[in-house]
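**Student:** The lines below spell out each chain.
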Amino acid sequence: MTMTWTDWQAIIVPLVLAIGAVAVLMVDAFWGAGSRKWRHLSVSLVSTGAILFGLGYVVTQQNQFRPGFCRTAVEGPAECSLIFEPLTAGLWAVLLIGGLGVVWLSAYRLLDRDIPVGEYHFLLLSALTGATVLAGARDLATVVIALEVVSLPSFAMVALRRDRRGSEGALKAFLVSVLSTAVMLFGISYLYGVTGTLYLQTLAARVPGLDPDLRRVAFAAALFVLVGFAFKIAAVPFHGWLPDTYAGAPVEVAAFLAVVSKSAGVAGLLVLVVYGIAPSGVDLRIALAILAALTMTVGNLAALRQREAVRLLAWSSIGQVGFLLAPLAVGDAQAVVAYLAAYVVVTLGAFGAVAVVQRHRPAGLLTDYQGMLRSEPGLAAALVFFLVVLAGLPPGLAGLFTKLAAFQSVIDADLLWLAVVMAVNVMIGLAVYLRWIAELFRAPAEAPFSVNIENSAVTVITTCTAVAVVFSLLPATLFALLS
Amino acid sequence: MNGVLLSILALPVLAALALWALPSSTGDRIAALYGSVISGLVLVGSVVLWVGYLRPAGAITLEAGFVDPGDRGSVPGRLHAFAETDLTWIPALNVRFHLAVDSISLPLIMLTALLVFLCCLYSLRITPRIGRTRSLIALLLVIETGVIGTFAAADLILFFLFFEVVLIPMWLVIDIWGDHHDPAGRRRAATTFVLMTVLGSAVMLVGFLLLYRVSGTFDLELLGQIPVTGGHGTALAAAILIALGLAVKMPLWPLHIWLPDAHAKAPTVGSVLLAGVLLKLGSYGLVRVLLPVLPDATATIAPYLAGFSTVAIVAGSLACLAQTDVKRLIAYSSVGHMGFIGLGIATMSPEGVAGALFANIAHGLITGLLFFLAGAIKDRHDTSDLRVIGRALYARLPRIGALLTFACLASLGLPGLAGFWGEMLALMGAYRPADGLPRTTYLVMMVIAGLGTVLTAAYFLRLIRNLNQGDPAEHPATAFAVDLSRIELVTWAPLVVLTVVLGVCPWLLLDHWTFL
Numbered sequence: 001m002t003m004t005w006t007d008w009q010a011i012i013v014p015l016v017l018a019i020g021a022v023a024v025l026m027v028d029a030f031w032g033a034g035s036r037k038w039r040h041l042s043v044s045l046v047s048t049g050a051i052l053f054g055l056g057y058v059v060t061q062q063n064q065f066r067p068g069f070c071r072t073a074v075e076g077p078a079e080c081s082l083i084f085e086p087l088t089a090g091l092w093a094v095l096l097i098g099g100l101g102v103v104w105l106s107a108y109r110l111l112d113r114d115i116p117v118g119e120y121h122f123l124l125l126s127a128l129t130g131a132t133v134l135a136g137a138r139d140l141a142t143v144v145i146a147l148e149v150v151s152l153p154s155f156a157m158v159a160l161r162r163d164r165r166g167s168e169g170a171l172k173a174f175l176v177s178v179l180s181t182a183v184m185l186f187g188i189s190y191l192y193g194v195t196g197t198l199y200l201q202t203l204a205a206r207v208p209g210l211d212p213d214l215r216r217v218a219f220a221a222a223l224f225v226l227v228g229f230a231f232k233i234a235a236v237p238f239h240g241w242l243p244d245t246y247a248g249a250p251v252e253v254a255a256f257l258a259v260v261s262k263s264a265g266v267a268g269l270l271v272l273v274v275y276g277i278a279p280s281g282v283d284l285r286i287a288l289a290i291l292a293a294l295t296m297t298v299g300n301l302a303a304l305r306q307r308e309a310v311r312l313l314a315w316s317s318i319g320q321v322g323f324l325l326a327p328l329a330v331g332d333a334q335a336v337v338a339y340l341a342a343y344v345v346v347t348l349g350a351f352g353a354v355a356v357v358q359r360h361r362p363a364g365l366l367t368d369y370q371g372m373l374r375s376e377p378g379l380a381a382a383l384v385f386f387l388v389v390l391a392g393l394p395p396g397l398a399g400l401f402t403k404l405a406a407f408q409s410v411i412d413a414d415l416l417w418l419a420v421v422m423a424v425n426v427m428i429g430l431a432v433y434l435r436w437i438a439e440l441f442r443a444p445a446e447a448p449f450s451v452n453i454e455n456s457a458v459t460v461i462t463t464c465t466a467v468a469v470v471f472s473l474l475p476a477t478l479f480a481l482l483s
Numbered sequence: 484m485n486g487v488l489l490s491i492l493a494l495p496v497l498a499a500l501a502l503w504a505l506p507s508s509t510g511d512r513i514a515a516l517y518g519s520v521i522s523g524l525v526l527v528g529s530v531v532l533w534v535g536y537l538r539p540a541g542a543i544t545l546e547a548g549f550v551d552p553g554d555r556g557s558v559p560g561r562l563h564a565f566a567e568t569d570l571t572w573i574p575a576l577n578v579r580f581h582l583a584v585d586s587i588s589l590p591l592i593m594l595t596a597l598l599v600f601l602c603c604l605y606s607l608r609i610t611p612r613i614g615r616t617r618s619l620i621a622l623l624l625v626i627e628t629g630v631i632g633t634f635a636a637a638d639l640i641l642f643f644l645f646f647e648v649v650l651i652p653m654w655l656v657i658d659i660w661g662d663h664h665d666p667a668g669r670r671r672a673a674t675t676f677v678l679m680t681v682l683g684s685a686v687m688l689v690g691f692l693l694l695y696r697v698s699g700t701f702d703l704e705l706l707g708q709i710p711v712t713g714g715h716g717t718a719l720a721a722a723i724l725i726a727l728g729l730a731v732k733m734p735l736w737p738l739h740i741w742l743p744d745a746h747a748k749a750p751t752v753g754s755v756l757l758a759g760v761l762l763k764l765g766s767y768g769l770v771r772v773l774l775p776v777l778p779d780a781t782a783t784i785a786p787y788l789a790g791f792s793t794v795a796i797v798a799g800s801l802a803c804l805a806q807t808d809v810k811r812l813i814a815y816s817s818v819g820h821m822g823f824i825g826l827g828i829a830t831m832s833p834e835g836v837a838g839a840l841f842a843n844i845a846h847g848l849i850t851g852l853l854f855f856l857a858g859a860i861k862d863r864h865d866t867s868d869l870r871v872i873g874r875a876l877y878a879r880l881p882r883i884g885a886l887l888t889f890a891c892l893a894s895l896g897l898p899g900l901a902g903f904w905g906e907m908l909a910l911m912g913a914y915r916p917a918d919g920l921p922r923t924t925y926l927v928m929m930v931i932a933g934l935g936t937v938l939t940a941a942y943f944l945r946l947i948r949n950l951n952q953g954d955p956a957e958h959p960a961t962a963f964a965v966d967l968s969r970i971e972l973v974t975w976a977p978l979v980v981l982t983v984v985l986g987v988c989p990w991l992l993l994d995h996w997t998f999l
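If you read the sequences in order, they're chains A and B.
For the first sequence, the working numbering assigns the number 1 to the initial residue and increments by one for each residue that follows.
For the second sequence, the working numbering assigns the number 484 to the initial residue and increments by one for each residue that follows.
If you're looking for bench data, these hints aren't it; they were derived computationally from the structure.
Remember, predicted model here, so these are calculated numbers, not experimental data.
Positions of the beta carbon are idealized from the N, C-alpha and C atoms, including for glycine.
Treat the hints with care, as some may be off.
[Unchecked claim] Example chain A residues on the side facing chain B (calculated, C-beta under 10 Å, incomplete): (1) L152; (2) Q201; (3) A405; (4) D412; (5) D414; (6) A419; (7) V420; (8) M422; (9) A443; (10) A447.
[Claimed, not checked] Covered by chain B, per the in silico footprint, the following chain A stretches (three or more residues, Cβ under 8 Å): (11) 97-108; (12) 391-398; (13) 423-432.
Bound-form chain A, shown alone (with noise of 0.2 Å):
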């Protein structure tokens, strides 16, 4: 029997998180006869409670180093299963400060009154302790369970509403998602066979030492691992169920997908890439630059033929998680945080705009906004701004400077090809948000929208702006995330 031991402060974060997803579900049983509006309220400050709780650990751990679930290697240093270090710290802000968002885009009044308020933040919830592990995971086993922990309360997140879009959308995910595991779950036992380990760690040492033939093998089966993951952050060709499933949950639900879930999967593969299967100098990467390059292209060309709002936004982040992939493939974790940062506050913001619009509107369409700077102007500059900072354009400097840091990450490692399929990328996807913008700016239409906002969206997206204008005034912060 081999000796564990764990640094129980590298888990506490996601420990209280599950503890919350238990609590909040407590909370709505005992609630009782009450106020729904209190009980809605209660659920939701404890979700936050939990969730400002890891933020103030990120915070003020942000530089230590600490490892969870160790043991003693028969060579080199101890292998782990979990840490948390300065990666971790730059990956669970990104992914905490989603949920935080997602928690209060779905307070009182915006969540649709069908969803039962406390399953719905206990499945929030576990998909963050899920999210946390990932990001923190350092072998391959916990990378699966935690993934799924991500996965399956999303799903019936999508359903919760209970009707058909929202089941046909959450079977899409379902299955989709099923597959993706199954095919991982084969390139894993590959490559414990191969290499005789799960760990990162010894895994990327063993790797280089195989001969030539099992090399091919482990190759094979780490291909079969990063297809896994491309199905769940919907890289080109595994992206098929992503625009229905997002089409079909409640815009807030979609927000979550958008924001934490695709966080989550781009974070596990960050891990895998920068740890494990793929270190610099091996063709898996050249094989991520290939899927970044389809994945944009794809996912930028189908957003300019879209008419409503949540699929354009859906396109587009499959083309933005395309931007993603490009200096993930090269390794480049500050670039992947900090894109992954400013991607995560304005997609909130955009998301929150559309659901304020939707409750109204519900055909969702891109004509809805038309003439909005003149009738709602907050809320339209608001949007306005999100979208020209996923642009990556002036305002938007926090958009500029990650597409830029993601385009030297690029080019430092000599894949010029790439970026300049980033540059003509630029420009598709410059041409998917201004049609949005063009509406806005356009006259009032004949009934132009114009509505009481509900506080706590109006909170959210004000503070989305808020934090999107520092960061593009000091695009320094959003690199200090990881430094």
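Given the structure of chain A, go ahead and fit chain B onto it with the hints provided.
**Tutor:** Quick look at chain B alone, frame taken from chain A:
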């Protein structure tokens, strides 16, 4: 002086934000007046900078900012920083907030400030039919910040950033206030403009990053002192990408396809700024980034650049001969004139570059005037189609007709007016290009470009003939045909005066480009 530079940079954009904060019912006149005051202040600030640059106070000698005598004949375009601001901004990317100006950028900044000021003044009385003048003025001010920032940037990423600032405002100006007869056309023109330009600048960014890979810095001042030598490999790739990106903006044939539509559909003030100022971003970038930073690689691509410029001169002129729309005609004439500028830069010789810089300013003044005139004619006839407008403007609108003749003559390069010197110097440069460039090729191009000047003369004279001359009896005046109004006189007079002054005293500018 760096305070002045920072304030002329920040003032327009802050003023624009303040303007947007006002209720949308703000009167058009008030908005235009506000814009005029702000842009007037910026103009004053830029002149103060220029005066300060010419008369350095105290210990700094008159030579400050000038090239050392030993440097004469070296590749021009190096930044000799004046009014410098240098702050750390994004350490992770090694990007600094570094602003500085010199004798190359200051005249362009003054030109920008002048044209924006005149556009705001013009909007006091004459605005596009769509209305929403408050937003139009605010966008013009944002554009002003972007352009001045590009001219003042001393860091490649900052240059890129300001370069991009202009895009969305200009897109909106064309998309919202453009030709009200053709909503689909103006939308398409605006989108083509913004997409081509953004692709260009993204390609340019890739070039900058390659340059960074080789040199390890984005700082233009530093890069000017220690240029990246070597005319092949990464340096060459960087030079090609940067040149491509800037060529879209300039625009150089065959990347000019966005230009005719954008100019033709834009409102008058949009066309004036587009032609007078935005095109200069491309040529300025070539002089500032390509020549001093990548001299060897630029020498490798210079003959091609010169070739495309020559084609642009001829193709632009031929296209002009075929136009029936007065705004499109002037737009295509810009392609030809920017061809001369490209040719001048591509010679890499002191004469050629000085000529290109001079032509930059002259083209801004003259084409600005031409677009104002075209807008005036279009407003009076509600169309810019030459066949519908009819002939005999001399009889119907004598003053506007005379001014049009003046602007056309200036634009075709009549000696004694501003348009002449730039083209002459560019041709001189082609006669004696920098060492290492294939002289015979350049001689051929000089001859072709010389033929291009004849073509230029031909289409401008044809324009004068088709528009101004003719029997007034056959072409009765339209109902709105009021001759030169007071506001038009006021806004155009500075352009006319400066065209004459620069034509008679070219040394006012040329003396400061001492690499001559």
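**Student:** Indicate, hint by hint, whether the structure satisfies it.
**Tutor:** Quick rundown of the hints versus the structure:
1. Taking 10 Å as the C-beta cut-off, the interface hint given for L152 of chain A is violated, the closest approach to chain B being about 37 Å.
2. For Q201 of chain A, the shortest C-beta to C-beta distance to chain B is roughly 26 Å, which exceeds 10 Å, and the interface hint is violated.
3. Because the beta carbon of A405 of chain A sits about 6 Å from the nearest beta carbon in chain B, less than 10 Å, this interface hint is met.
4. The beta carbon of D412 of chain A comes within 7 Å of a beta carbon in chain B, closer than 10 Å, and the hint placing it at the interface holds.
5. Hint status for D414 of chain A relative to chain B: holds, with the closest Cβ pair at about 9 Å, below 10 Å.
6. At its closest, the beta carbon of A419 of chain A sits 5 Å from a beta carbon of chain B; the interface hint therefore holds under the 10 Å criterion.
7. Hint status for V420 of chain A relative to chain B: holds, with the closest Cβ pair at about 7 Å, below 10 Å.
8. The closest approach between the C-beta of M422 of chain A and any C-beta of chain B is roughly 8 Å, which is under the 10 Å cut-off, so the hint is satisfied.
9. Proximity of A443 of chain A to chain B holds as hinted, the smallest CB-CB distance being about 8 Å (cut-off 10 Å).
10. Using the Cβ-Cβ criterion of 10 Å, the hint placing A447 of chain A at the interface with chain B is not satisfied: the shortest such distance is roughly 18 Å.
11. Interface restraint, the stretch 97-108 of chain A with chain B: violated (0 residues with C-beta to C-beta distance below 8 Å; minimum three).
12. Given a C-beta distance limit of less than 8 Å, the hint that chain B covers the stretch 391-398 of chain A holds, as 4 residues qualify and 3 suffice.
13. Residues of the stretch 423-432 of chain A lying with their CB closer than 8 Å to a CB of chain B number 6, which satisfies the three-residue condition for coverage.
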